[in-house]
Structure formats: C-alpha cells, structure tokens
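Colleague: Chains X and S, in that order, give the protein sequences. Numbered by this note's numbering, the letters in the first sequence go through residues 1 to 115 in order. Numbered by this note's numbering, the letters in the second sequence go through residues 1 to 361 in order.
The set of hints was computed from the structure by calculation and includes no laboratory data. What you are looking at is a predicted structure, and each value in this text was computed from that prediction instead of being measured. One or more of the hints may lead you astray.
Claimed, not checked - For lysine to any residue, the following SDA-like pairs were computed, each having C-alpha atoms within a straight-line distance of at most 20 Å: (1) Lys15/S / Ala93/X; (2) Lys71/X / Lys253/S; (3) Lys116/S / Thr17/X; (4) Lys253/S / Arg170/S; (5) Lys253/S / Leu241/S; (6) Lys82/X / Glu89/S.
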Amino acid sequence: MDESVIDRAVYAELRDTTGAEFAAELVDTFIEEGPSMLAELRSARTDGNAERFRRAAHSLKSNGNTFGALKLAALARELEVKGLDAESARDGAALVALEAEYARAAAELKALRNG
Amino acid sequence: MAEDSSRLLIADDNKVNRLLLSRGVELLGHRFALAENGRIALEKLRSEPFDLLLLDIEMPELDGFAVLEQLKADLQLRDMPVIVTSSVEGLDNIVRCINLGAEDYLPKPVNPVLLKARIGASLEKKRLRDRQKALVRRFATPEVADDLLQSGFALGGKRIHASVLFSDIRGFTALVESQGPEETIDLLNTYYMLMFDAIGSHGGVVNQMIGDGLMALFGAPLPLDDCAGSAVAAGLEMVELIEQFNLERSAVKKAAIRIGIGVATGDVVAGYTGTQQRATYTCIGDTVNLASRLEAHTKVAGHGILIDDATQRALGSSVPIRTLGEVLFKGKAAAVEIFAVAPPSQTNASPGDRAPLQFSR
C-alpha cells in the first residue's frame with residue numbers, strides 16, 4: 001500500500017468517529033460517485049462552462065479531504081481555484097493527472113475499507 | 001427518540017457530504033432531512049418545520065448564498081438558524097455568509113466535535129428566541145408580536161393616539177371568598193381566555209393583568225384605523241361572551257359574574273420601560289387614568305360599559321349611546337362628560353332605566 005495516497009490518520013479518524021460500517025459505506029458511495037464527478041469535469045470543459053467546472057472540482061476536493069486523499073484534494077483544488085484555462089492543453093494535462101490520482105485513491109480506499 | 005431531539009435540514013449537492021453530515025447529526029440524537037440543492041432546501045423549509053439548517057455553498061440550481069438571501073427576506077424563515085458547512089475558497093466568501101445571516105461557518109471536512117458544539121449552541125439560541133416569542137405572544141396578538149420582534153424592544157416612549165380599555169369582575173372579592181382557590185383560578189383562566197379572545201379579535205393588546213382586572217390598548221403598539229370603534233366593539237363582545245359563559249355557569253348552579261368596562265380615547269405615552277433584561281410595554285397618561293376611573297364608575301352608574309367624550313365622538317351612529325352627564329372624578333380638575341354603551345339587547349330599555357345590566361339572562 002502506498003501511504004502517500006491516503007493519509008492514514010485522517011481515514012482512521014473518519015472511521016472512529018462515524019463507525020467502521022458507516023465509513024465503509026461512505027467509501028462505496030465515493031467510489032460510485034467519483035467517476036460521474038470526473039465525467040462532469042470533462043463535460044464542463046468541453047462545454048466551456050466555468051461554473052460547472054469549478055463546482056465539480058470543488059466536490060472532488062471536498063471528498064478528497066474527507067477521506068484523507070490529500071493529493072487528490074490538492075489537484076482538484078488547483079482546478080477549482082484556477083478555473084477553466086484559456087490554454088486548454090494545460091487543463092487536459094491536469095485532468096489526466098487528477099483522473100490517475102483518483103484511480104489510485106479509489107484503489108487504496110477499497111483496500112482500507114476491507115482491511 | 002430523546003425529548004430534546006431537534007430536526008435539521010442538510011443541504012449539500014455532494015452525496016458523500018450529505019451522508020457524512022447526516023451521520024454526524026444522527027449520532028448527536030437529532031433527526032434530519034436531506035436536500036440536494038438550494039431550491040429543494042427552500043421548498044422543504046417552507047413546507048416542513050425545522051430547527052436548524054446545515055447549508056453547503058457550492059450547489060447547482062440555487063447556491064448557498066442565494067438560500068441565505070431568500071431566508072433573510074422571508075418573514076417566516078428569517079430566524080431559521082443556519083450553519084454553513086463548506087470548503088469554499090476565500091475569506092471573503094466566509095465573511096459574505098456571516099453578513100447574510102449565517103450563524104456560523106464550519107470548514108469541511110467538518111470536525112465532529114466542532115459540529116456538536118455549534119449545533120448545540122445554535123439550537124440553544126433558537127430555543128431562547130422561541131421562548132421569547134412565546135412570551136411576547138402571551139400579551140400580544142401574533143401580528144403585534146411579529147412587529148415587536150422585528151422592530152426590537154427599543155426602550156423609550158412615544159406619543160400615540162390610542163384607546164385604553166379597563167375591565168374587571170364585579171364583586172370578585174365576595175366570589176373568591178365563596179369558593180375554593182382552585183375554582184377561582186379556573187374561573188380566572190376561563191375569564192382571561194374569553195377576554196383575550198374578544199380584545200385580540202378587534203386588534204387590541206392586553207398589556208396588564210392584575211387579579212381579575214385587565215388593561216388593553218387599541219392603537220398601540222401598532223396603529224389602528226378606528227381605535228375607539230375597535231375598543232367599544234371589543235367591550236361589547238366581552239360582555240356578550242360573559243353572558244354566554246354565565247349560561248354555562250347557571251346550568252351548574254353557579255352564580256353569574258358581571259364585568260365593568262371603561263374606555264377612554266386620546267394621546268398616550270407608550271413604550272417599553274425597564275431594563276434590557278426585563279422590560280414591559282407601558283402606557284401612561286390622562287387617557288389611561290380616565291379609562292380606569294370610568295371602569296370603576298360602572299359600579300356607581302349601573303352600566304356595564306362607560307366611555308369618555310372622545311370615544312363617543314369617534315363612534316358612528318351604529319352603536320347606541322346614552323348620555324349620563326358630567327362626573328367629577330378623583331384627581332381630575334374638571335368634570336368630564338360620560339356616556340354608557342348599551343349592548344344591543346339593552347337598546348329597548350326605558351331611557352331612565354339605571355338598573356344594573358343583567359348579564360345572567
């Protein structure tokens with residue numbers, strides 16, 4: 001397991017304050033909802049809709065922080081604060097990085113949830 | 001469910017956040033409902049009772065700022081406590097929430113200990129506000145109470161044109177001595193309920209209750225179009241309600257009760273007096289004294305409702321009035337003309353009839 005993906009202390013606190021069963025359910029929800037948030041980011045970018053883009057990035061940041069997926073949260077926050085870039089190549093690269101980090105975070109969380 | 005359980009609305013567009021907040025609320029022993037955006041949140045707030053709103057800022061359709069603005073403009077919802085839970089960027093956004101009336105701001109992810117403390121504080125504040133409202137409603141109609149709560153309880157008086165009504169139960173002391181204390185309290189409760197009903201339905205406000213007596217204002221704290229007419233109409237209704245009440249009493253072989261009412265109209269000085277901790281709406285002036293003297297004089301005059309000249313002049317011809325001539329009241333330099341208002345059932349009495357009004361039949 002790569003401890004740089006999920007901050008163990010944050011996840012442990014979440015599990016302790018809400019209960020192991022609930023924390024597992026919450027992970028499942030995040031894994032269910034994550035792909036649609038990423039898809040929303042892409043579609044907002046295609047449509048040039050800055051508000052939807054910012055909101056989707058904001059949502060991913062918020063969830064990243066909840067689970068201790070700190071790198072994911074940082075990447076999402078960057079997109080939220082910067083907004084849609086005039087130079088879309090940069091957004092493209094940032095999105096690819098975000099999607100890759102999401103995949104890592106989801107895999108780690110799945111492992112933590114079962115362990 | 002615990003008795004002090006409150007109902008919270010959680011508005012957040014993100015499912016993970018909604019679940020997490022609802023879990024926190026549930027663990028605190030409160031009930032909750034969920035809204036996915038600001039529009040749905042407002043719909044729920046307007047159709048169901050809630051004690052507190054946990055509000056996200058970034059939401060589709062209607063965001064948290066818009067919800068705060070609409071709550072502020074809504075008379076029914078302006079006091080709804082709101083705790084903003086958000087990870088919105090920028091201090092200016094947090095300041096904006098507070099300026100729009102949010103009670104508190106909690107950054108996400110929300111710390112459960114902080115959530116518990118803030119929810120507890122907000123609910124306690126709401127309970128205090130609700131208790132204050134309930135207290136105000138005890139001496140004012142809901143409309144007046146709302147006005148008072150909105151304008152705040154500024155201490156200090158102002159001169160207002162109003163009608164003052166005094167009323168009490170005739171022979172109350174003898175009545176108290178003839179029955180047990182429980183029965184007296186019971187009687188007073190029924191009596192006050194009937195009197196409040198008659199006064200409130202004509203736009204009046206009861207501002208004092210002393211034993212079996214009460215003082216009501218018409219035209220203060222809120223202006224009334226026809227304060228004299230409203231006060232006299234309330235007086236007539238009070239007499240009528242007592243007559244009905246007496247029918248019930250006579251059915252169980254209890255003595256009829258009679259009331260005396262005095263109404264005077266003119267300038268009064270009214271306002272809140274006291275301290276910020278304990279204030280009462282007070283009304284003083286010659287008009288108040290005169291109304292009180294008129295009420296006391298009903299015993300002598302043998303009429304149930306006595307009014308002064310200003311009240312009489314403001315009344316239309318629809319109310320039958322009898323001139324009783326001038327009376328010199330204690331504490332008054334000059335004699336004043338007084339008038340009796342005859343209830344509709346008394347209009348056929350002969351002009352010289354000074355017999356006490358019978359309310360029992």
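Colleague: All hints, please: hold or fail.
Modeller: So, going through the hints one by one against the coordinates:
no. : hint                : result
1   : Lys15/S / Ala93/X   : violated, 27 Å
2   : Lys71/X / Lys253/S  : violated, 85 Å
3   : Lys116/S / Thr17/X  : holds, 12 Å
4   : Lys253/S / Arg170/S : holds, 19 Å
5   : Lys253/S / Leu241/S : holds, 18 Å
6   : Lys82/X / Glu89/S   : holds, 11 Å
Of the hints listed earlier, those the structure fails to meet are numbers 1, 2, in rising order.
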